[in-house]
Amino acid sequence: MISVLNTIDTGHEDMIHDAELDYYGLRLATCSSDNSVKIYDIKSGTQTLAADLKGHFGPVWQVAWAHPKFGNLLASCSYDRKVIIWKELGEWSKLYEYTGHESSVNAVAWAPAEYGLILACCSSDGSISILTYNQDGSTWDVKKVPGAHAIGVNSVSWCPAISADLSLDPLTNKDAPKRLVTGGCDNLIKIWKEQGDQWIEEKRLDMHMDWVRDVAWAPSLGLQRSMIASCSQDKRVVIWSSDDNISWTPTILNTFDDVVWSVSWSLTGNILAVSGGDNKVSLWRENADGQWLCISEVAKGLGQTTNDERSTL
Amino acid sequence: MEDIQAVKRVKTFILPDKCFENRVACAWRRGNKFSIYPRSQIPNKTTSESDNKTADKILVFNQEILLFTPILRKLVNEANGTFLSLKKVTETSKNTENQVEYLKLSRQYRSIIRVCIENLQEAGEKEEDAVARNNLLSYLTIFYSIECIWHLCEILYIDIIPGDIVLPFLLEWVRFHFPHHEQSAVQLLESCERGSEDNPDYWDTVVGMVVQGRVDVARALLKLHSAVDTNEFKLVDNSLRSMPVYSVYSGISTGEFTISWKHWQAECRSKLSSRLLAHQPQLELIMRIMTGDYSAFESIRGKYSSWFDVLGGWVMFTTPWARRRELGAAAAACAGLAVGGGGHLDVMVRAALEGDLYLVIHEIQQMADNGWFATHLTDVLLQCGKLHILDKHQTDVTSRLRDSLVLEYGSLLLEHQSLWPVGLSYLASVPDGARRAELMLERIPIRTEGKALRVVAEAKKYGLLGVAQSVCSCMSARALSRGAAGAALAWGARARSAAQCARAAHRALRAYCAGGALPAADLLLTAGATLLVDDTLLLLGKYCDFHRLYKSREFKKAAKLLVSLITSNIAPDYFWATLLLDALPLLETEEPVLSAADSYELMLCLELRAACLARPQAELLRLALARNLARTALHDVQHD
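Residue numbers (UniProt numbering), protein chains in the order written: chain G, 1 to 313; chain W, 1 to 640.
Only chain G is shown next, with the shape it has when bound in the complex:
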């Protein structure tokens, strides 16, 4: 039985575009078309507004929490072409502002904490930026990959630090290469690998027939297998799996009734949440035979009274 634990009234003046829970699941960051980012403390059924961050001058698309060992850091990206990294030191303030993109920045993602403090950003200008914090000088090094996806990059996700790789045992070898996956308006999914001080395109995955909206690299549980979920305007969700991070096998999870906007893995990588234009969130799980089954679904109510806050089976 699933039940609504609490309802958070965000008080945003416009549409919400992203809501992310921090590492411990105790804080929620939201961002909205009203140009603001808000942070809530969630404690056993109640929530309090901890901060209202104003610094963007356009709709804020996405927020991302860094690993707490770097302190309380939040990155946000916006239509105003900026990426802002916020830091809590008593109060929340701007730590760094990145203005290297020429168009709307659609997504941001922190690298696995093992690599240090690294942020990947992707933009409608077709490029990806990798921002690396340099401890000694307290500066940020920027590496930009132009022309990553024609027309624009919609989503980015990092490969876990411990991941499948034939040549290197990732558990013992910290030098296993860094990888990330991006999805774009050219209907492609690309896997990027860091080589020396450059990011090179390692693989392109061609399967979707329309813009790729979201990509998500599954958390690794030490199994020698990588998985990436991707979703697209073509209404399909595809699971890509690989034993060596080089050759990838696609499995179509499902074809939905509408555009699929986001895919998100649970912490342990065993459940995938899919949500889209059909106003439904469905949860999927792989069975022992490698088939993907829908285990539950949360849908918009049909003809229900609006004050019925409790979900029904």
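Calculated directly from the structure, the hints in this document are not laboratory data. Please note that a few of the clues may not be correct.
[Claimed, not checked] Some chain G residues flagged as far from chain W (calculated, every beta-carbon gap over 12 Å):
| id | residue |
| --- | --- |
| 1 | K87 |
| 2 | I151 |
| 3 | W158 |
| 4 | I200 |
| 5 | D210 |
| 6 | P250 |
| 7 | I252 |
| 8 | W261 |
| 9 | S264 |
[Said to hold, decoys possible] Distance condition first, Cα-Cα at most 27 Å in a straight line; then the derived DSS-like pairs of lysine-lysine:
| id | chain 1 | residue 1 | chain 2 | residue 2 |
| --- | --- | --- | --- | --- |
| 10 | W | K87 | W | K386 |
| 11 | W | K57 | G | K235 |
| 12 | W | K57 | G | K54 |
[What the hints assert, rightly or not] Covered stretches of chain G (in silico footprint by chain W; criterion: 3 or more residues with CB under 8 Å from a CB of chain W, positions within the stretch not fixed):
| id | region |
| --- | --- |
| 13 | 7-13 |
| 14 | 67-78 |
| 15 | 226-237 |
| 16 | 279-292 |
Since the structure is predicted, the reported quantities are computational estimates derived from the model, not experimental observations. C-beta: ideal position from N, C-alpha, C; glycine also.
Using the hints, position chain W against chain G.
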């Protein structure tokens, strides 16, 4: 394996309409919690739509976990103890026969369930709120079923049965789980009235006792009937009395027993066909049951809640010599008596009797106990070597099944704010558990130092050093962000993280320059080799030591340390002024403590770093150094 899993069990949860005027998306919290929020990637330039404001709510969901109910805490904790003992037993003696130990542990599990049931009953009686009581009652139903199936599986797969003749165990199982008739028999016998047949339950009770194999009780009850002295009663009593009962220790072979038992039943049959009991339909029914007449069982089925109520009786009066693996036919016959479709429990009992343990476990997983039962039972059966499950390619997936159950169960417990160490012990016992434990342990919300230490200790216990380090680093970062440099240093040192230590040490040195006190002096003085993690930390540690020496008036040692700190060149720019000026009082002591060579060194450093000092301070220091040099030029300081 295939067809069972093909059964779709999709549950749809309907939400209030207005939440999703816009598109939705989902954000995960930890394992069983997630939030749903309206999300759109299309910029909405017209903010005038006021209904949007009210619609933008975020819903936080969680799966209700039965096991997290406080009353079930004991169950979780005690079962963990048994689980670990079982693990120990299998580890210590891989090759010896361990059936006795396994049986003991299986019984231990059952007694844990029993205690849990008793607690639930007690709480149910006390509970005044109707909803809460209903919940407790539904938990009770779940645990009754668990107890019943576990007991049956124990008999069929774990217990040591002499001669493998299962009947006495089966009867015991039926009696234990369906005590209704026995209770009314006790009442009737206690009141001990001639003419008890007036009691409306009288005949049902007698028949019930016969079906449960309590022949002596049935006979005693018959004696309470007012017509006990008639021939019909004597005849039935005689047949009951003379029924042969098999025992391994009686010295007769099963063959001999079978012959005498068949002979006895033939006699019963002939008595029936002679219509001697025609005037006593109830006695005739008892006699028909004793001859294993299917239609007789059919006629009484309606009085029992389930078909397995009569299973013991059916086996007793048809095949009392049945062995454990030969109960399939009896189960089919009794299940055939059933009216209407069976629930989980029916399917499970039938599958257990037919030896289909995979189906049993599959059905158990559908029970709402969050995997407690499936995990522990599968574990016991696997360790006993009684579980063999093949997938469609005929490969043995038994241990994989067990591992995945343990993994899921352990992960579930890790979600709980105080049961997480229990969850860890489960994850530690499966191959893929370590990585999962790492992932989840790191994310346990920590609000106090005590909890952090606890998580670190548990992580170290299972060799998850990465987690221990990460937790310490996070604590250090947190301490630093609230300005507690001392605590940040302590946690940074625990984490052995150079970066954290450096950050905290810088913070401490800057604070000292600004007129604050040195933090965590006692910690730094005892840190030893930990100081070597980072240069700034080393400087801070040594500088603390300098203060200690100076305060205890060991000026020579203090001076020597200060000179080495200055000449080693590890101090950050902002700290040079402090360091150099600390030399002033040492230059002015009555007995010179800085040698001529030291003075030269300091002079050199001073000239190189003159920019760090204000002009008058530099002048003062130059003067003091020159005077000290003059003092020591002829009679230099002897370092001991």
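Verification of the hints:
no.	hint	verdict
1	K87	8 Å, violated
2	I151	15 Å, holds
3	W158	15 Å, holds
4	I200	29 Å, holds
5	D210	14 Å, holds
6	P250	22 Å, holds
7	I252	18 Å, holds
8	W261	6 Å, violated
9	S264	6 Å, violated
10	K87/W with K386/W	16 Å, holds
11	K57/W with K235/G	26 Å, holds
12	K57/W with K54/G	20 Å, holds
13	7-13	holds (count 6)
14	67-78	holds (count 6)
15	226-237	violated (count 0)
16	279-292	holds (count 7)
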